[in-house]
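Chains as they are written, first to last, in UniProt numbering: chain A, 1 to 438; chain B, 1 to 438; chain C, 1 to 438; chain D, 1 to 438.
None of these hints come from the bench; they were simulated from the model. Since the structure is predicted, the reported quantities are computational estimates derived from the model, not experimental observations. Treat each hint with caution, since some may be false.
No copy labels: a pair is met if it fits in one copy or bridges any two.
DSS-like cross-link-like pairs, simulated, lysine-lysine; straight-line CA separation at most 25 Å [to be verified]:
1) K136 / K169
2) K385 / K347
3) K205 / K21
4) K136 / K71
5) K385 / K123
6) K337 / K71
7) K337 / K385
8) K205 / K385
9) K385 / K71
10) K347 / K400
11) K169 / K129
Protein chains: 4
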Amino acid sequence: MVPRYSRPAMTALWEPEARFKIWFEIEAHATEKLGELGVVPPSAAKALWDWWATNPVIDVAAIDAIEAVTKHDVIAFLTWVAEQVGDEARFMHQGMTSSDVLDTCLAVQLARASDLLIEDIDKLLDVIKRRAFEHKLTPTIGRSHGIHAEPVTFGLKMAEAYAEFSRCKTRLIAARAEVATCAISGAVGTFANIDPAVEEHVAQKLGLAIEPVSTQVIPRDRHAMFFATLGVIASSIERLAVEVRHLQRTEVLEAEEYFSPGQKGSSAMPHKRNPVLTENLTGLARVVRAAVVPALENVALWHERDISHSSVERFFGPDATITLDFALGRLTGVIDKLLIYPERMMKNLDKMGGLVHSQRVLLALTQAGVSREDSYRYVQRNAMKVWESDGQLSLLELLKADTDVTAALPVAEIEDKFNLDYHFKQVDTIFRRVFGEA
Amino acid sequence: MVPRYSRPAMTALWEPEARFKIWFEIEAHATEKLGELGVVPPSAAKALWDWWATNPVIDVAAIDAIEAVTKHDVIAFLTWVAEQVGDEARFMHQGMTSSDVLDTCLAVQLARASDLLIEDIDKLLDVIKRRAFEHKLTPTIGRSHGIHAEPVTFGLKMAEAYAEFSRCKTRLIAARAEVATCAISGAVGTFANIDPAVEEHVAQKLGLAIEPVSTQVIPRDRHAMFFATLGVIASSIERLAVEVRHLQRTEVLEAEEYFSPGQKGSSAMPHKRNPVLTENLTGLARVVRAAVVPALENVALWHERDISHSSVERFFGPDATITLDFALGRLTGVIDKLLIYPERMMKNLDKMGGLVHSQRVLLALTQAGVSREDSYRYVQRNAMKVWESDGQLSLLELLKADTDVTAALPVAEIEDKFNLDYHFKQVDTIFRRVFGEA
Amino acid sequence: MVPRYSRPAMTALWEPEARFKIWFEIEAHATEKLGELGVVPPSAAKALWDWWATNPVIDVAAIDAIEAVTKHDVIAFLTWVAEQVGDEARFMHQGMTSSDVLDTCLAVQLARASDLLIEDIDKLLDVIKRRAFEHKLTPTIGRSHGIHAEPVTFGLKMAEAYAEFSRCKTRLIAARAEVATCAISGAVGTFANIDPAVEEHVAQKLGLAIEPVSTQVIPRDRHAMFFATLGVIASSIERLAVEVRHLQRTEVLEAEEYFSPGQKGSSAMPHKRNPVLTENLTGLARVVRAAVVPALENVALWHERDISHSSVERFFGPDATITLDFALGRLTGVIDKLLIYPERMMKNLDKMGGLVHSQRVLLALTQAGVSREDSYRYVQRNAMKVWESDGQLSLLELLKADTDVTAALPVAEIEDKFNLDYHFKQVDTIFRRVFGEA
Amino acid sequence: MVPRYSRPAMTALWEPEARFKIWFEIEAHATEKLGELGVVPPSAAKALWDWWATNPVIDVAAIDAIEAVTKHDVIAFLTWVAEQVGDEARFMHQGMTSSDVLDTCLAVQLARASDLLIEDIDKLLDVIKRRAFEHKLTPTIGRSHGIHAEPVTFGLKMAEAYAEFSRCKTRLIAARAEVATCAISGAVGTFANIDPAVEEHVAQKLGLAIEPVSTQVIPRDRHAMFFATLGVIASSIERLAVEVRHLQRTEVLEAEEYFSPGQKGSSAMPHKRNPVLTENLTGLARVVRAAVVPALENVALWHERDISHSSVERFFGPDATITLDFALGRLTGVIDKLLIYPERMMKNLDKMGGLVHSQRVLLALTQAGVSREDSYRYVQRNAMKVWESDGQLSLLELLKADTDVTAALPVAEIEDKFNLDYHFKQVDTIFRRVFGEA
């Protein structure tokens, strides 16, 4: 975790205090059920919850000190709790194994992290939607290969981002379900020493599903799917970030990240306004994606488990979720306050001398009965002249002077092909598909 | 694609013939709708379908030759079709852009590939289920960290695999839905020159969903999610493969890949039976996973599209699906014919002098009122003696001779803790969770 | 391997014929030495080489047919050779293990592939150097964050690429040395059944180093380092490709990929000239990099070897080297024929109203005794006006009208700060560092 | 960075204090040279060094507070230094750009990190060498595919590791040279406002090479190569860790991680001794490798630079070096104190009824004139009987009873083939190759 790329709510989830609190809840809920089942005295759970009701401070340093001796984190924690609660605490953890606590805790953390990320995406979607409707019909040139193609609207660019992050939300909900399972099944998952009813009880209390079959651990294909999903979301962040970076290029300058008055862009070049937030998002996307391969490598644990996954998750559990949370927040801010320059969009759109309308002319020629090859040739030879003039010549004028073209198309019809609105007649259709309204 | 790691049905999907056939269907369906809409003569689609009804041979070499000149694959194909069909063919592709054809074709290919993969998983699940029930109560030692832990059954190992591949199936169905969309939206996705009804028609005919908003291309977050899912499935294959490899180790030998009479394991050591199929699966998992990162890197295309994704997909579209199909088939064969040795499992289980039952004794002591720490110490000191004797001493006998232990537990109760069946009393519960039956 | 992204010389290296020929050479050289050592009759090697001198056709289909029965590739090959050579062939492979042949063969293939790649880089370096000197002093704007910064020359851009690919060459030479080792050490690397002199002999004949200690196989950290190096080179290709793509953007258009007269950029937009070659190179870089992670995962083979690496290498041995070879060739062609537009570079450089010179003014103010903070403020307030005018206002004129500025700097000195040549006075220094000449 | 996987010396390198100290040194050395060149007063450097000689405490919080306003880290630092040093400090940073400081600082950090890692490897090599010579002739079974093959010695396993980590050291030295360069070249690398002599001076003072041509930044192919090399080293750590994990498996138990008396292996199974250190190393290898792909993705920065690499390096600069340093230290400890059980190795070696000697018999038969195919068949049929007896039958006895075998080989010669020392006659040769001594 790099502090400058983190936000408090997500970071708090991964603090030792948060982890120990979840551990306690798991143990206490389990003890409660064990009490109901008559395995331990009902007084045990009561003692635990009574102590918990005092809102005790978790003494992380004390627990760490015990772990330094026992070299076992769960035993250290249980020992510390026993010191606080007293004799009744010895009934905790009956028939359980450390991984029951650790893996169920991770499930809670990842589920809560998912909830924060889903909120993040909701906020991002709101902002994108607002900007989409604001610029639903703001013309801008569509570019394929970085080259002017045909007109689109800035609202359509936003609609595309909205659809993409809507998919990301759907995926995240699925990823949350993947990891939100509870396993309290004992040393090798057989429930030999603990009733499955305990697992069901703890799962229900913590809002998790039960893990149908665990070994000692919750199977890591679940976590692999989770982190892979974060990697896809990070890539979508990168895509929108790269779009902004392109739009802010000096020669394009159709949009800019918001630039606060006090901000210095460079120690050397005071005029510079750099898209540093979206460049940063590009890098953070790489950071989040870095979790994907290790998570995939974690799946093939040996037999009923080995512990190689653990260190990987200590890094990437926090790093991937904290960084993605930060990145979603940053992207939301960027889009929310993005400076958008419709005049510049129009200026860029016009700068190619009308070449962007060539496709329409091509079609009109074909529909007027000219062969595809001839149509292509007529348009291309005029287009090339415009291209070579660096936008000084006008395609419309050249076509009107091309007798092969005018032989097939009346001048009025040629002129009609250069009408911008023509391109936007389905914007409402697309908006309805994406937003359910237009 | 490496031929030895491929199967015909999946490979055929990626042959040029298959691709051109899908292209034709897309173009013909689109022309059909354009005819209905009055954009082109209805006779155009008829001419195309009439020709198609003759079951024409796709002349890949001829199309390639045209492409060598035009340097454009879709134009080359259209030109070739026009040569076959005649004048009516000029109405094909009206208002469409190459990517409408290419991306929708890829959607069809990935959807069909998914169908094959789903079938593969179904077959694998059937085989795993059969072996699971066959060995539902075959005792074997559960191992954590590669070290003997407590007894499980071989059926439980299979149940875990079944649950894991059931999840893989669910994920694959979701991944299929991610990529099975049709985009016929023109040069920059605005439908400027083509009615959205064409897209809807083609989508419906090809069994695809419509792409709510495309740019020039179908957004690549969909494909990233698809390949990421294949990577997770590959990792689950690796996990089961690694399990088999471990079980076949000389010192363990609880299971073996089927060894056909004519097979030579090694040119030098004729006695060797190597788990080469599962080792191969381990490698193939790496190959399939190799598609994940490039697919994630493909998401952030520039503006309305750049073509950097294309070469990546030419490699990994076929390679990842063909290899995964092969791997699933191979794994199914391995599990289907796996030689399973229950006697050896029991022999291994017994070899530690009963140490695997220590957890039960520990619990019994705690329940009999001994403190957790003392219980642990009593069991551990005897366990260490057994361990150091390399299984020559018996934990049961040592415990019965330990007065601290017998002070808390009657001998009969100690003996009861060494009963194997105790561990399997929840196997039916787990089977019902996993298979819906026990 | 995707044929369209391959070249014949590199592809031939990976054909079955090439592999079998190397196998034969390894076996024949080994038999030769075994003959010298008296282990086998000297006539054995003679018989092999005599047959080889007839330039026999390698019957791949026949060998495959034998393998289909034996399920062992080396045995199949030896069997086929024995059929051709006769009785003396039975002395081949004495004391060797299959991996001695397979791994040494792979070493030869990777060494030869490296030689081709080194040649590729040499050709690329030649072309880059020519373009660098051609445009050594062609002014163009330097951009950080995609935003105009200060002037550079196009030659400097090329010099940077030259230095980068020179490093790639050095790395490739090191990577070649990593993998160019010969292991003929028997079943577990102990030379139990074969004299180390055989290994030395074969190594020397094939131009390889000996592997100081092998297990059954050559250790895979070597191959990991090799493929990681290819991944770095691919990333450098991507960098230069992305530079060209940026320069070709419609609004920038300072350079263009060569556009042949017959080429069609788009089926729909005949005016388009798309940087498809460099976009393709961007994708191919992802493909080559995809080999890195699997190669790293191949390192941790079990004990003296497992065979999981083999399938990975069957894919990525050819794919990574063939694709990188193709990509280097394509990049060489792109740079060789790149259309470079100095006028457009100058036009872009000028378009910001002189803002790119702000750094010089800032420094001059500081050196004239104005505090850093004040200097920054004076320059920034004028720069902002220019920026907001979209290049219509001139920074020079504004500064000359700013009394805080003129109080510190005479007008003539302000004007002097806008001289372009000032920026290029160290170009020769840099060229001498990079090329050894200027 | 995860504290439990870090060591102080490496961690300190990445603390803010360490970074600011390096920044100061860069600025002060540069100011010194600027003074010599007459660009700034010589008193400026003197003022800086005089202050530095007071060993001032770096007030990280104060600098952070300034950055919170300026949003620029280098400006914040310079401002803070100016507050401490006074008026003379305004001459710092003349003609430099932030990246001159940041990138040169990173070079110093990575070079120092490399030095620590090289020391780590040296220590590891010492320990491996000691264990290698200690067990030079300790027989143990060599395993391919996890299956018993032929005898090796434990010393040979160590020799292989020694050779592998020697290669890692060589690679690390090369990787250090890749990144240990100094760039002080100004805003776009042209030295427009700063003499190249400054760069040379700072480089020399800091023990770096000059960067022959920088843009605004040091090119990131260097860092990609650096992190890729760390990834390879991590994979070699994984390999040795996996070897230990295999050797410690219950059924194998030829070696064990040192087990301290106070250590509890499991909360539930007190007898367990788990190879948790090497399992952890397996996971840490995944963590270090996770830096490779992002570092490769960092290479293709836009034009003269974008800042997307920065966040990636803030994570993986520390994480990869700190984790690798920790892992090398942990591995050194594991090997240093590894419990090695020669008796168990011999017991395992013998357990297959002599099958491991089958290769020798096979060879002897061939050399005695039996065809390869017949030899194979004779050995295989007896080997299969031994195999099926689970090591109860003896291959030697069976062969002596096989008339086809005895027809070709006298019994004494058959017996000779079962002599273990035969396999170790080249151990000295291999040791001399690896260690230069035997």
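Checked hints:
no.	hint	verdict
1	K136 / K169	within (23 Å within a copy, 40 Å between copies)
2	K385 / K347	both (20 Å within a copy, 20 Å between copies)
3	K205 / K21	within (14 Å within a copy, 52 Å between copies)
4	K136 / K71	neither (60 Å within a copy, 34 Å between copies)
5	K385 / K123	neither (48 Å within a copy, 35 Å between copies)
6	K337 / K71	between (50 Å within a copy, 18 Å between copies)
7	K337 / K385	between (41 Å within a copy, 22 Å between copies)
8	K205 / K385	neither (73 Å within a copy, 42 Å between copies)
9	K385 / K71	between (77 Å within a copy, 22 Å between copies)
10	K347 / K400	within (23 Å within a copy, 30 Å between copies)
11	K169 / K129	within (15 Å within a copy, 34 Å between copies)
The structure fails hints 4, 5, 8 (numbered hints given earlier, in ascending order).
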